[in-house]
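Chains as they are written, first to last, in numbering that gives the first Met the number 0: chain Z, 0 to 319; chain E, 0 to 454.
Bear in mind the hints are in silico, worked out from the structure with no lab data behind them. Careful: at least some of the hints might be erroneous.
DSS-like cross-link-like pairs, simulated, lysine-lysine; straight-line CA separation at most 30 Å [what the hints assert, rightly or not]:
1) K253(E) / K184(E)
2) K186(E) / K229(E)
3) K337(E) / K229(E)
4) K184(E) / K57(Z)
5) K135(E) / K57(Z)
6) K441(E) / K68(Z)
7) K184(E) / K270(E)
8) K441(E) / K243(E)
9) K68(Z) / K433(E)
10) K57(Z) / K433(E)
11) K68(Z) / K70(E)
12) K68(Z) / K229(E)
13) K337(E) / K57(Z)
14) K253(E) / K57(Z)
Some residues of chain Z that are not near chain E, with every Cβ distance over 10 Å (derived) [to be verified]:
15) H105
16) S106
17) D140
18) I160
19) G161
20) G249
Bear in mind the structure is a predicted one, so any value in this text is a computation, not a measurement. The beta carbon of each residue, even a glycine, is placed where N, CA and C say it ideally should be.
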Amino acid sequence: MTDVAVKTRLRGGRKVHPQPGGLRWVAPGFVLSVGLIYYCIFYSGFLSFFSWRGGASKMTFLGLDNYTKAFASSVFWSSIAHTLIFYVVVFAVQVVGGVFFAAAMHSKILFATLYKVIIFVPVVIAPAIMAPAHIQVWSSDGTVNALLSDLGMGWLAQGWIGQSSTSLLVVTMAQCWGAVGFGFLLYFASMGQIDYEILEAARIDGAGNLRILWSIILPNVKATTISLAILNFITALKLFDNPWLLTQGGPAHSSEFLGTMIYSEVSGQSRNLGYASALSMILLVIAIAVSVVMNTRGTERPTRKRRRGRTIADKETQDV
Amino acid sequence: MKSRLFAAVAASALVISLAACSSATSAQAPAVSPATSGEVSWWGWTPDTPVAQKYIAAFNKEFPNIKVTYKNYENVDYRNAITPALDSGTGPDIYDISPAGGSPETWGSYALDPSSFAQTTLGSDWQNKFGSGYVKELTNSDGKVTALPLGGMTAGFLWYNANIFTAAGATLPTDYTSWVTACQKIKAIGKTCLAMGAGGQDTFPTELVHSIANSVDPAWFLNAATGKAKWNDPQGIEVLNIIKKMSDDGIIPKNVLDNGQYPLANEEFMKGDAAMVQMGYWYAQYSGAESAKTAMTSAGVTNPQPFVQMPLMFPDVAGKGNGSAVFGEADYGLAINKASKNVGAAETFVGWMTMSKNGQQNVANAIDLIPALNGVEPDWNSVKLVDQAQQQPAIAKLLSSSSATTQTRQWQTTDTTLKAIVVAVQQVLDPTIKKSVTDIAKQMQDSSEASTVGK
Numbered sequence: 000m001t002d003v004a005v006k007t008r009l010r011g012g013r014k015v016h017p018q019p020g021g022l023r024w025v026a027p028g029f030v031l032s033v034g035l036i037y038y039c040i041f042y043s044g045f046l047s048f049f050s051w052r053g054g055a056s057k058m059t060f061l062g063l064d065n066y067t068k069a070f071a072s073s074v075f076w077s078s079i080a081h082t083l084i085f086y087v088v089v090f091a092v093q094v095v096g097g098v099f100f101a102a103a104m105h106s107k108i109l110f111a112t113l114y115k116v117i118i119f120v121p122v123v124i125a126p127a128i129m130a131p132a133h134i135q136v137w138s139s140d141g142t143v144n145a146l147l148s149d150l151g152m153g154w155l156a157q158g159w160i161g162q163s164s165t166s167l168l169v170v171t172m173a174q175c176w177g178a179v180g181f182g183f184l185l186y187f188a189s190m191g192q193i194d195y196e197i198l199e200a201a202r203i204d205g206a207g208n209l210r211i212l213w214s215i216i217l218p219n220v221k222a223t224t225i226s227l228a229i230l231n232f233i234t235a236l237k238l239f240d241n242p243w244l245l246t247q248g249g250p251a252h253s254s255e256f257l258g259t260m261i262y263s264e265v266s267g268q269s270r271n272l273g274y275a276s277a278l279s280m281i282l283l284v285i286a287i288a289v290s291v292v293m294n295t296r297g298t299e300r301p302t303r304k305r306r307r308g309r310t311i312a313d314k315e316t317q318d319v
Numbered sequence: 000m001k002s003r004l005f006a007a008v009a010a011s012a013l014v015i016s017l018a019a020c021s022s023a024t025s026a027q028a029p030a031v032s033p034a035t036s037g038e039v040s041w042w043g044w045t046p047d048t049p050v051a052q053k054y055i056a057a058f059n060k061e062f063p064n065i066k067v068t069y070k071n072y073e074n075v076d077y078r079n080a081i082t083p084a085l086d087s088g089t090g091p092d093i094y095d096i097s098p099a100g101g102s103p104e105t106w107g108s109y110a111l112d113p114s115s116f117a118q119t120t121l122g123s124d125w126q127n128k129f130g131s132g133y134v135k136e137l138t139n140s141d142g143k144v145t146a147l148p149l150g151g152m153t154a155g156f157l158w159y160n161a162n163i164f165t166a167a168g169a170t171l172p173t174d175y176t177s178w179v180t181a182c183q184k185i186k187a188i189g190k191t192c193l194a195m196g197a198g199g200q201d202t203f204p205t206e207l208v209h210s211i212a213n214s215v216d217p218a219w220f221l222n223a224a225t226g227k228a229k230w231n232d233p234q235g236i237e238v239l240n241i242i243k244k245m246s247d248d249g250i251i252p253k254n255v256l257d258n259g260q261y262p263l264a265n266e267e268f269m270k271g272d273a274a275m276v277q278m279g280y281w282y283a284q285y286s287g288a289e290s291a292k293t294a295m296t297s298a299g300v301t302n303p304q305p306f307v308q309m310p311l312m313f314p315d316v317a318g319k320g321n322g323s324a325v326f327g328e329a330d331y332g333l334a335i336n337k338a339s340k341n342v343g344a345a346e347t348f349v350g351w352m353t354m355s356k357n358g359q360q361n362v363a364n365a366i367d368l369i370p371a372l373n374g375v376e377p378d379w380n381s382v383k384l385v386d387q388a389q390q391q392p393a394i395a396k397l398l399s400s401s402s403a404t405t406q407t408r409q410w411q412t413t414d415t416t417l418k419a420i421v422v423a424v425q426q427v428l429d430p431t432i433k434k435s436v437t438d439i440a441k442q443m444q445d446s447s448e449a450s451t452v453g454k
């Protein structure tokens with residue numbers, strides 16, 4: 000019998016509800032999240048039905064016009080398409096690159112710590128710091144074109160940033176540069192938890208490196224892959240920094256994303272806060288829907304209790 | 000001694016007139032006496048802090064007991080900072096308002112109407128004492144004057160590096176053919192002909208379109224901006240075709256979409272790598288020896304040797320004899336926050352900056368703005384140029400033609416339309432876009448939004 004139940008009985012037969020003792024601990028976070036974050040979300044939803052430039056300017060009720068305008072906009076749909084392309088490419092590069100480097104770092108190689116630092120450094124460097132370098136690399140007289148010329152492939156040199164056909168590639172490549180390091184970090188930790196005896200058993204059974212990677216390592220790091228899938232999709236949906244810093248969504252909206260569209264509407268002279276709010280609400284709905292689907296589809300079924308054994312990390316520690 | 004006496008008389012006159020205006024109706028002017036002491040804060044995206052500090056230092060020579068604190072923001076940051084500040088009553092005492100993008104509508108409601116104040120200071124025809132249209136451009140749709148103009152800005156012309164033209168043996172272009180010829184000679188010595196950046200969402204490409212449009216049909220651009228003509232009219236198609244031809248013939252550089260006019264074109268010109276650049280009157284400041292050095296250093300030049308930069312009228316690229324008229328409007332005005340607790344001191348500062356000869360002389364001498372008050376010109380004895388003999392008459396002539404402009408720059412063009420023009424220019428200049436110019440012009444029309452301003 001709990002203390003609360005005892006106290007309830009002691010009060011002369013009158014039913015007394017237990018004190019909600021946790022409320023005082025929950026309250027600050029509750030007020031912050033509900034009072035600030037959710038208020039902002041609901042307020043954005045409210046604004047999305049108006050034409051409003053902010054401050055004391057007149058608010059005009061538009062009904063669903065802002066949403067109709069968004070769905071009728073070719074820029075909106077191309078932003079969605081760019082988001083999907085960006086997501087697929089960055090996720091693929093992150094998984095392949097992350098797994099490759101993590102697997103390599105778990106093997107015995109010289110200067111492993113140095114490599115780890117080199118791979119991880121792009122994750123901690125802010126896009127704003129790297130943007131000038133990326134622009135220099137991809138501009139008409141930049142590093143990529145110089146390399147191509149030096150390799151005798153000058154015919155491939157072009158204005159990578161300033162072309163509709165290649166601007167999205169530039170933004171995607173800049174993102175991949177940092178994404179691989181993040182993928183590496185998670186996969187490296189995840190692979191460290193794999194039971195080393197399983198790997199030994201597979202080797203005894205004659206499995207080669209690729210077979211082990213495909214049939215043992217990848218299934219064991221599935222949870223990490225699902226987490227990366229969700230994180231990448233959310234990143235792609237709210238992407239702003241790299242496209243804005245590198246191309247500002249251009250030229251001619253060829254590297255436009257929902258994030259840059261929203262910012263452009265808010266920061267422009269005309270300050271279309273209502274339309275920007277409608278775009279934000281659409282983004283929110285997509286983000287929630289996709290996260291729910293990914294979480295539902297990706298949730299692992301209850302697994303049998305795994306036999307305790309040595310992990311790769313234990314093995315490496317022992318080896319050291 | 001004489002100048003001190005003049006300053007004292009001017010200051011007294013200003014304070015007296017400010018005192019007189021305090022008795023005006025509260026709807027138009029603050030019921031607070033102007034002050035000769037106090038503290039005021041001023042927020043703006045322009046001028047740059049060093050220029051503002053010069054203005055304030057000159058003001059403090061006449062009003063030493065008014066402390067003015069200036070806070071400079073980047074354009075976008077300014078728009079995002081000023082609204083909540085004004086809304087919450089914690090905004091600055093004085094803030095910038097631009098005529099462009101409907102700013103008088105958005106932020107004018109927080110400002111005091113300075114009409115009676117100005118009328119008392121400058122007389123009943125006070126609006127005519129300012130540059131043509133400046134006050135109207137800072138008036139909102141309710142007829143309220145939201146700010147007093149500090150200066151004007153014009154664009155639609157080029158700046159050229161005289162040293163490069165001399166080295167290349169090129170002559171200044173006046174039409175399309177001579178422009179192509181000049182570019183060939185300039186490229187032959189390894190320099191870029193016209194530095195230009197049209198990437199991103201920067202609205203500079205609209206100035207190129209406006210300039211070419213003025214050569215095609217001087218009335219068409221503003222007619223299209225205000226819905227009296229269409230962007231895909233024959234004039235619009237001709238303008239876009241000229242831009243495409245300029246790219247094909249090497250006037251417009253191939254890297255034009257790599258970045259915006261700032262930093263791409265500005266840096267290329269300031270480094271001395273390009274012979275020409277399209278910039279507005281604000282670029283005149285870099286004709287000054289010290290300003291040129293600073294700008295060149297900012298562009299990455301380690302040991303700057305200022306070159307002679309000169310204004311050049313935009314060539315008559317359509318060849319119809321129209322030339323290409325410059326266009327301009329009030330650049331910005333100073334608004335007094337009606338929630339200010341220092342209205343008196345704020346009035347004194349705004350009045351001195353915008354309506355006094357001394358204040359406006361500072362603006363004129365910085366040669367980055369056209370002084371708002373008519374009749375004020377730079378004091379050339381106190382403006383040190385790289386080559387006084389060459390540059391002074393050219394800038395004075397530009398100032399004169401700028402003051403006489405009849406076309407507005409962005410006041411009557413909506414933000415939506417400016418964006419549509421930028422996209423159209425990018426599509427024309429992007430070699431991987433296979434759309435016809437006619438289709439691009441149609442898309443420009445479909446994406447635009449006619450302005451009702453100034454009708």
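>> What's the verdict on K253(E) and K184(E), does the C-alpha distance respect the 30 Å limit or exceed it?
In response: holds, 17 Å
>> For K186(E) and K229(E), compute the direct alpha-carbon distance and say whether it is at most 30 Å.
In response: Given that 30 Å is the threshold and the Cα spacing comes to 37 Å, the pair is violated.
> Do the alpha carbons of K184(E) and K270(E) lie within 30 Å of each other, as the hint requires?
Replying inline: holds, 19 Å
>> Would the non-interface assignment of G249(Z) survive a Cβ cutoff of 10 Å against chain E?
In response: violated, 5 Å
>> So if I understand the rule, the pair passes when the alpha-carbon distance is 30 Å or less; does K135(E) with K57(Z) pass?
In response: Holds, at roughly 21 Å.
>> Run the distance test for K337(E) versus K57(Z): straight-line Cα separation, threshold 30 Å.
In response: holds, 19 Å
> Between K253(E) and K57(Z), does the CA-CA distance stay at or below 30 Å?
Replying inline: Measuring from Cα to Cα gives roughly 44 Å; hence the hint is violated.
> Within a Cα-Cα threshold of 30 Å, do K68(Z) and K229(E) meet the stated pairing?
Replying inline: Measuring from Cα to Cα gives roughly 22 Å; hence the hint holds.
>> Please verify whether K184(E) and K57(Z) have alpha carbons no more than 30 Å apart.
In response: violated, 56 Å
> Is the Cβ of H105(Z) more than 10 Å away from each Cβ in chain E?
Replying inline: holds, 42 Å
> Was I160(Z) rightly flagged as not at the interface, with every chain E Cβ beyond 10 Å?
Replying inline: violated, 5 Å
> Are the Cα positions of K337(E) and K229(E) separated by 30 Å at most?
Replying inline: With Cα atoms ~41 Å apart, K337(E) and K229(E) exceed 30 Å; violated.
In terms of the numbered hints stated before, the structure departs from hints 2, 3, 4, 10, 11, 14, 17, 18, 19, 20, listed from lowest to highest.
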